[in-house]
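A.B. asks: Chain by chain, the residues run as shown.
2 protein chains.
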Amino acid sequence: MEGKPKKILIADDEPDILEIVSYNLGKEGYEIYTAKDGNEAIERAKQLHPDLIILDIMMPKKTGVEVCQILRSQPAFQDTLIIFLTALSDEASQIKGLETGADDYVSKPISPKVLVSRVNAIFRRINNKETGKSIQVGNINIDPVKFLVTINDLEVILAKKEFELLYLLASRPGRVFLRNEILSQVWGNDVIVGDRTIDVHIRKVRQKLGVDCITTVKGVGYKFEA
Amino acid sequence: MEGKPKKILIADDEPDILEIVSYNLGKEGYEIYTAKDGNEAIERAKQLHPDLIILDIMMPKKTGVEVCQILRSQPAFQDTLIIFLTALSDEASQIKGLETGADDYVSKPISPKVLVSRVNAIFRRINNKETGKSIQVGNINIDPVKFLVTINDLEVILAKKEFELLYLLASRPGRVFLRNEILSQVWGNDVIVGDRTIDVHIRKVRQKLGVDCITTVKGVGYKFEA
DNA sequence: CTTCCATGTTAACGTAATGTTTACACAAAA
DNA sequence: TTTTGTGTAAACATTACGTTAACATGGAAG
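Going down the list, the protein sequences come from chains A and B.
Read in order, the letters of the first sequence are residues 1 to 226 in the working numbering.
Read in order, the letters of the second sequence are residues 1 to 226 in the working numbering.
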């Protein structure tokens, strides 16, 4: 897998399923987190901001469909992939699930291998856009191969972390990156760093670039603009 | 459906299936083309460059998997969506299909409605990546990915709570949201805030937007309209 | 007309979130 | 070894967000 490992949150009330799915996806290199009911799923989703959420439909507290609707009604979860996982193999449930805003639907009894394949497929489709090409935004050019940033043909020397941070933000100009996302993409999920660390790096990048192209969205994150 | 209609190529050797699938997807506004074996599928794919190809696996001349492999090996078909449609519901086939580069897999006997939902879901997923899932109501555009509101192409800066509030209301224009609903969606269930808090935020949004698009429904709640 | 209730309006305040600077551990280069 | 630069933490400064409280308004009921 290229880049940092993707975060997957799995919500199911059956411990067996949690364990099997966790094990098999974990083996593939994904970072797995679990929840055992609807409320916990929402709570953990807000903490972690996973890349993918796998939701059982029949869960205590809140059903998977309800969880999906609640998350989808919030701006921060528009990009999050959602797969429903359920014993209800009937038509109506599937359609309802997909129209609620889910990206896929897998019926129980599921084979772990099939689920893994589907998860891989869904990430492959999303990922293949993000190649290691140079980014040109406005008069700023970012070349990940040469590890070089030029602004108006003037070279700017950035440290590794600074560069990775800038590259991430600039890879999708205008898009807001949550602090969680930045942490997991640039630093990795297992690393624990203080709250101010991101700010300090943001500041260094801002300083070195000289141009104000990184905008703070308070309470949310940062975004890059020309 | 927004924008140009999507082209879908369906390849299956059973005329009944071709007809049913064509009819149901055609009703959704897609442009449908058909092929009755593997070779014809490849040929037509090269002519048409469809956005999505639905491939039966058991076909004369070439199987769906072979067709998929051949097309995927060409740069021009890297981005083309592929769904397998087959009677083989066994695990091995599904995995093989997905790992060949398919984006989804639907087992026969299929329900037309389920297939339509899956097709819609897969296009939604791709569309959102390109265009962003912004809400457009009248001349107001709300982009949750960029955390940005534009009204007549003029940017409006909203704070987090203000944005979340507006996003919720605008996600269903015309629908009235009860104060309780707003509280639980935007603030969360456990948070307790005073009565006037919602009003103040509503006011700030109204003020910043400049246009009167949030209507008070006295004794009930608020709704968003153009 | 008055009363009452729901909402509108405004300003002020506490604080959470971010900005800034300095210091230091650590690794790589000299 | 020293030197240099990078990444992180800690300590503080600063900003503006969210909330409240106090009061205004307006419409419906009596």
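By construction, these hints were calculated from the structure, which means they are not laboratory data.
Being a predicted model, the structure only gives us computed values, none of them experimental.
Hints may be right or wrong, so weigh each one.
[Said to hold, decoys possible] List time: in silico SDA-like cross-link candidates among lysine to any residue, alpha-carbon distance up to 25 Å:
id, chain 1, residue 1, chain 2, residue 2
1, A, Lys46, B, Lys4
2, B, Lys160, A, Ser73
3, A, Lys62, B, Gly188
4, B, Lys4, A, Gly101
[What the hints assert, rightly or not] In silico contact screen, one side only, chain A against chain B (beta carbon under 10 Å); selected entries:
id, residue
5, Lys36
6, Gln78
7, Lys108
Ideal Cβ positions, reconstructed from N, Cα and C, are used throughout, including at glycine.
A.B. asks: Confirm or reject each hint.
C.D. replies: Structure-based check of each hint:
no., hint, in the structure
1, A:Lys46 - B:Lys4, "36 Å, violated"
2, B:Lys160 - A:Ser73, "14 Å, holds"
3, A:Lys62 - B:Gly188, "14 Å, holds"
4, B:Lys4 - A:Gly101, "22 Å, holds"
5, Lys36, "18 Å, violated"
6, Gln78, "5 Å, holds"
7, Lys108, "14 Å, violated"
The structure fails to meet hints 1, 5, 7 from the earlier list, while all remaining hints are met.
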